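First to last, the sequence lines map onto chains R and V.
Under the working numbering, the residues of the first sequence are numbered 531 to 1036, in order.
Under the working numbering, the residues of the second sequence are numbered 63 to 537, in order.
Simulated from the structure, these hints should not be mistaken for lab results.
Values in this document were obtained by computation on a predicted structure and should not be read as measured data.
Each hint should be verified, as a subset may be incorrect.
To be verified - In silico DSS-like links for lysine-lysine, alpha-carbon gap of 30 Å or less:
#1 Lys546(R) <-> Lys590(R)
#2 Lys137(V) <-> Lys907(R)
#3 Lys276(V) <-> Lys369(V)
#4 Lys913(R) <-> Lys495(V)
#5 Lys268(V) <-> Lys191(V)
#6 Lys419(V) <-> Lys402(V)
#7 Lys247(V) <-> Lys115(V)
#8 Lys137(V) <-> Lys904(R)
#9 Lys80(V) <-> Lys233(V)
#10 Lys871(R) <-> Lys276(V)
#11 Lys872(R) <-> Lys198(V)
#12 Lys429(V) <-> Lys471(V)
#13 Lys883(R) <-> Lys907(R)
#14 Lys883(R) <-> Lys816(R)
#15 Lys547(R) <-> Lys592(R)
#16 Lys495(V) <-> Lys506(V)
#17 Lys191(V) <-> Lys872(R)
#18 Lys191(V) <-> Lys871(R)
#19 Lys451(V) <-> Lys419(V)
#20 Lys506(V) <-> Lys517(V)
#21 Lys427(V) <-> Lys471(V)
#22 Lys564(R) <-> Lys639(R)
#23 Lys621(R) <-> Lys592(R)
#24 Lys451(V) <-> Lys427(V)
#25 Lys191(V) <-> Lys861(R)
#26 Lys787(R) <-> Lys921(R)
#27 Lys615(R) <-> Lys590(R)
#28 Lys871(R) <-> Lys198(V)
#29 Lys621(R) <-> Lys191(V)
#30 Lys547(R) <-> Lys639(R)
#31 Lys861(R) <-> Lys369(V)
#32 Lys233(V) <-> Lys115(V)
#33 Lys471(V) <-> Lys419(V)
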Amino acid sequence: MEIYRLTIHEAHELLKKREISCEELTKALFDRIKSVDEKIRAYITLDEEGALQKSREVDKRKDFTNPLTGVPVAIKDNICTEGLKTTCASKILENFIPPYDATLSVRLKSRDAVILGKTNMDEFAMGSSTENSAFFATRNPWDTTRVPGGSSGGSAAAVAADECIFAIGSDTGGSIRQPAGYCGVVGMKPTYGRVSRYGLVAYASSLDQIGPITKDVTDCAMVLNAIAGRDIMDSTSADIPVPDYTLSLKPDVSGMKIGIPREYFGEGIDAEVREAVLNAAKVFEKMGASCEEISLPHTEYALWAYYIIAPAEASSNLARYDGIRYGVRAKDYEDLIDLYKKTRSEGFGAEVKRRIMLGTYALSSGYYDAYYLKAQKVRTLVKRDFDQAFKKYDFILCPTAPTVAFKIGENTDDPLKMYMNDVCTIPVNMAGLPGISLPCGFSGNMPIGLQIIGRPFDEPTILQAAYAFEQATEYHLKKPCIDSDTASSGEQKCDKEPDAGKGVIA
Amino acid sequence: MNYETVIGLEVHVELLTKSKVFCGCSTEFGGEPNTHCCPICLGMPGVLPVTNKKAVEYAIKAGLALNCEIAAYSKFDRKNYFYPDLPKAYQISQYDLPIARNGYIEIEVDGKTRRIGITRVHLEEDAGKLIHEEGKNNSLVDLNRTGVPLIEIVSEPDIRSPEEAWLYLNKLKSILQYIEVSDCKMEEGSLRCDVNISIRREGVDKFGTKVEIKNLGSFKAVRRSLEYEEKRQREVIEEGGELIQETRRWDEVRGVTVSMRNKEEAHDYRYFPEPDLVPMVLDKDWIAEIKANLPELPDARKERYVKEFGLPAYDAGVLTSSKALSDFYEECISHYHDPKVVSNWVMVEMMGLLNEKGMEVEQIKFKPEQLAAMLRMMDQGTISGKIAKEVFRDMFETGEDPEVIVKRKGLVQISDEKELERIATKVIEQNQKSVQDYKNGKQKALGFLVGQMMKETRGKANPQMVNEILKKLLG
Ligand SMILES: [Zn+2]
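Construct the entire structure; sequences and hints are all you get.
In C-alpha cells:
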C-alpha cells in the first residue's frame, strides 16, 4: 500500500486502528518527496527532523481522537511557523525565521498535525503560476512542462503529487482555487474572516484568506473544522460560530437552486472548460437541483478594481521590508535612503515591484479618488451583484479558471494575460465570499476546475454541493503520473497509477 | 501698519494606558532599549494590530473634556512613510473620521474669556526613537515607544498671540491631567507640540502664508519661537519680501527659527483605510457613561473655590491650574478649617519654595496633614507666624513633622509672662536711650525694643505679649 496517497480521513482511520504508525506515514511521505520533488519542486523548506520527532511523540501519545492528529501537512511559505523559515518565496525574507506561529500553525500544531515543510509560491503571493518564486518554479504534477497555478502552486502540487496528505494555502484573488483547479485537487477559500489571518504574511489584507487544499471534499471539511473560527489576534476574524462542516457531507442537492453566471462563460473561456462546467451543471440537475443562467453584471470590472485595491494594500504591507530589523539587507549603501533603495531593489522580484508601484501610484494624492476610491465603489457593486443573486440561488457554479494549466514561460512576458487567469476567482475575494474548486473534467491530460461560490459564511452549502458532485463523479480519483522517467512530456502512461475515472457516472 | 498673528497648534499627547495601543506591551517610560516590544509592535511579517479599548476610552474622555462631539463611527487609516523608527513603514492613525471633533477650550486673556476651537482629536500610535551615538557613523533604534497610544489635538487657527498659545497649552495640559489620560511630561516626550503661525494685516480676512515649527520641547520654546517668528514674518513683509510656506526648526540656543529646506518634508502620506482593523462603532451608552464619570474640570473647580471658599478669582485660578497643586490644596483643607489661610500658605510659601528649588508639586516631601498641623500650632500660639515660616521651610526640606522640627530647633514660642518680663527688664536696662526716646513720644523706639526682645529670644517670643509687657514696664 502506498500510504502517502492516503486522504486525511483514510489516514485517520488507519492511525486510529494502529494499522499504521504516524512515524511510518511521515517517513513514507519523505520518501515520496525524495523520489518526486526533484521534478515537482513543491517545497522550499523541509523539516524532516522536526516532523519525524513530532510523529514519534504522536505515536507515543496514542490519542487519535482528532482527525488531523498525526496527519502530515504542507504549509504555504507565507504562513509563519515558529522556528521554521518563512520566506514568502522572496529573497528579502530568504533568511527569516519567525519567532512566533501564525494562528493557523497554532491550530494545526494543537491538533498534532505533522508539519512536513513549507511550500513554494509566487513571491508574496503575487502571481498565478508560482513562476514568480525568487527561488524556482514549481511544476504541475500532471505535466511538468506546465505551471501548477498560483500563488499557492507549491501546496496544490504537493497535494496532487502525494507529497503530503493535505496542504494549506492562501487566497487573495484565486491563489488557492486556481492552483487547486490546475492540479486537479480540492481547494477552498473560506469567507473573509472565517479563518484568522494572524501570522499570514499580508499581501492584500482586505482580500487575503487562508484555506485548505486537499485530495477530496471530506478532507476539506475536516481541515476547515480545525482552522476556522474567531481569533482575538485578528480583529477582522468573524465572531460567528463554527459549525461541524463534516455534517454537510451529504450527497444531496435536491431542491437546490443554482445560478450560472453568463459572464463567466464568455470570451477568453476555453471551450473545453466551458463544456466541462456545463456538464457539471447537468450532474447537479440529475441529482435534483435546478440550474438557471444569471447575470453578475459588474464581473468584468472586478479584475481591474482588484488590480488597484490589492496593489494599494500591498504597497503599504510590503513597506516594512526595509532591511532594518530582519530579512536581508543590501551589503553596500551610502546612507539611509540608499539602504532602502538597494535592499528593496535587490530583495524584491519584478512582479512584486510592479504591484508596489501600481499601488503607490493609486494611493498618491491627486489619484486616490480616481483609482482607489473608485475601485472600492466597484467592489461594492460586485458584492451587490452576488447579494442579489443569493436572494434566489443557493450557490453559484462557474469555472475556476478560464483555461487549464498553461506552459511554463507562456505568460511570463505578458502580465495582463497572466492576470486574466484569476478573472473567475477575483470577484469572490472582492465580495468576501466562500468558494471551492474541485475537479470536473480533463482537457487532454490536464484537470479542469469547477468553482462553487456560496453566501457569506455558508461554507456548509458549498461543501455539500461539492461533496454531492464528488460522490457522483470520479474525477477526483484520477492521479497524475510522475513516477516514470518520461514524466516531463504532456501525454504519459503510468501503469502504477489507479485507473483514471471516466467522468460522470451519475 | 498693524498686523494680526494667527496661530494653530497641533499637540501630541501620550495616553496613560498600561499597554500599547495595538499590542499588549508595556508603555512604561525608560527601560532598556527594545525590551518593551513584541512581534506586533516590531512590525514583523504577518502580525496584526488589535485595538486597546482603554486607549479609545481615553481618547473619548479627552474629546469630551475638550467639549467635542464624539463620532458614532470612526476608523483608523494608514499614514505611509519610511523611517527607521517606524517598523511597519506606516503609522496607524486617523484621517477623515477622527474619534472627536468640533470642541473648544476657554482661556483667560487680560481678564476676558477667549474660546479657542478644537478641530479634532484623533488616536494614533507613537513611533520609536533613534539614538545617534556620539562619534559614530550610525544610528541605533529603540522601539520601546513604538505603539504607545497618542492623541493628536488640533486647534483651530483661533490663537492670536504667543501669550495665548502659552495659555492654551497650559489649559490643555491641565485638563488632560485632571481627567488623568496623560501625565503630559514634556521632558519624557509624553507631550509634544507643533505650531503653525502666519500674520496678516489687521482687517484682512485671508490668512497669510503659514510657517510650521515642529517638535517644540517646552511651552517656553513654543512661546519664544512664536515671538521670534511673529517678528521675523513682520520684518520680511515690511521689507517687501515674500514669505514662503515652509517648515522651520527652533534653535533653542540661538533663539531663532531655521528653515528646514529638504525634500523629505514634501511627504505624500498616501492615507488609506487600515484594512487590518474594523471600523469602530462608538456606542452611545458607552460615551454617556464616560461623560458621566468625567471628574471635575479646572474651570468648574476654580468657580467652586471662589464660591465656596471665598478665594479671589486669581488665587482660585492659580490653585486650580494644575491638578497636582489643586489636589494638594484640597487635601490640606480637608485637615484644616480655613481654606483662605491654607491658600495663602500654598500660594506664597509653598509655590515660592517650589519655584526656588525648581520642583514639582509631586516632589513635595511633607504631607498636607503636616501643613495643617503647623497651622494649628500657630493658632494655639505654640509658634509665631514668623517662626512658622522657618518651620515650613524646614518641613519642605526634610518632610519632618512640624512638632519634631519645633522641638529639634527649640522654636516653641515663649508665652510665659514671667520669663518675658525678665527678658524685657534686661532689654530695657541695656537700651536706655531708646527707653528715653519712647518716653519722649517716639513711637518708633518701641518697635526697636520689640526687635531687641525678639533678637534676645531668637524670634520665639510671643509678639503680642512682648508689646504688652514692654508698654506695661515702660509705664
Ligand atoms: Zn508589542
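Consistency of the hints with the structure:
1. Lys546(R) <-> Lys590(R): Holds, at about 13 Å.
2. Lys137(V) <-> Lys907(R): Since the Cα atoms of Lys137(V) and Lys907(R) sit roughly 18 Å apart, the hinted pair holds (cutoff 30 Å).
3. Lys276(V) <-> Lys369(V): Distance ~41 Å between Lys276(V) and Lys369(V) Cα, so the pair is violated.
4. Lys913(R) <-> Lys495(V): violated (108 Å)
5. Lys268(V) <-> Lys191(V): Violated - the C-alpha atoms of Lys191(V) and Lys268(V) are around 39 Å apart, more than 30 Å.
6. Lys419(V) <-> Lys402(V): holds (25 Å)
7. Lys247(V) <-> Lys115(V): holds (23 Å)
8. Lys137(V) <-> Lys904(R): At roughly 19 Å apart (the allowed maximum being 30 Å), Lys904(R) and Lys137(V) satisfy the hint.
9. Lys80(V) <-> Lys233(V): holds (25 Å)
10. Lys871(R) <-> Lys276(V): Cα-Cα ~27 Å, so holds.
11. Lys872(R) <-> Lys198(V): Holds, at about 22 Å.
12. Lys429(V) <-> Lys471(V): holds (20 Å)
13. Lys883(R) <-> Lys907(R): holds (26 Å)
14. Lys883(R) <-> Lys816(R): violated (49 Å)
15. Lys547(R) <-> Lys592(R): holds (10 Å)
16. Lys495(V) <-> Lys506(V): holds (12 Å)
17. Lys191(V) <-> Lys872(R): holds (24 Å)
18. Lys191(V) <-> Lys871(R): holds (22 Å)
19. Lys451(V) <-> Lys419(V): Given pair Lys451(V), Lys419(V) holds - Cα atoms ~16 Å apart, limit 30 Å.
20. Lys506(V) <-> Lys517(V): holds (17 Å)
21. Lys427(V) <-> Lys471(V): holds (19 Å)
22. Lys564(R) <-> Lys639(R): holds (24 Å)
23. Lys621(R) <-> Lys592(R): violated (41 Å)
24. Lys451(V) <-> Lys427(V): Since the Cα atoms of Lys451(V) and Lys427(V) sit roughly 16 Å apart, the hinted pair holds (cutoff 30 Å).
25. Lys191(V) <-> Lys861(R): The given pair, whose Cα atoms are some 24 Å apart, holds under the 30 Å limit.
26. Lys787(R) <-> Lys921(R): holds (11 Å)
27. Lys615(R) <-> Lys590(R): Holds. Lys615(R) to Lys590(R) sits at ~27 Å (cutoff 30 Å).
28. Lys871(R) <-> Lys198(V): Since the Cα atoms of Lys871(R) and Lys198(V) sit roughly 23 Å apart, the hinted pair holds (cutoff 30 Å).
29. Lys621(R) <-> Lys191(V): holds (28 Å)
30. Lys547(R) <-> Lys639(R): Measuring from Cα to Cα gives roughly 22 Å; hence the hint holds.
31. Lys861(R) <-> Lys369(V): Not satisfied, since the Cα-Cα distance of roughly 71 Å exceeds 30 Å.
32. Lys233(V) <-> Lys115(V): holds (26 Å)
33. Lys471(V) <-> Lys419(V): Holds, because 23 Å separates the two Cα atoms, which is no more than 30 Å.
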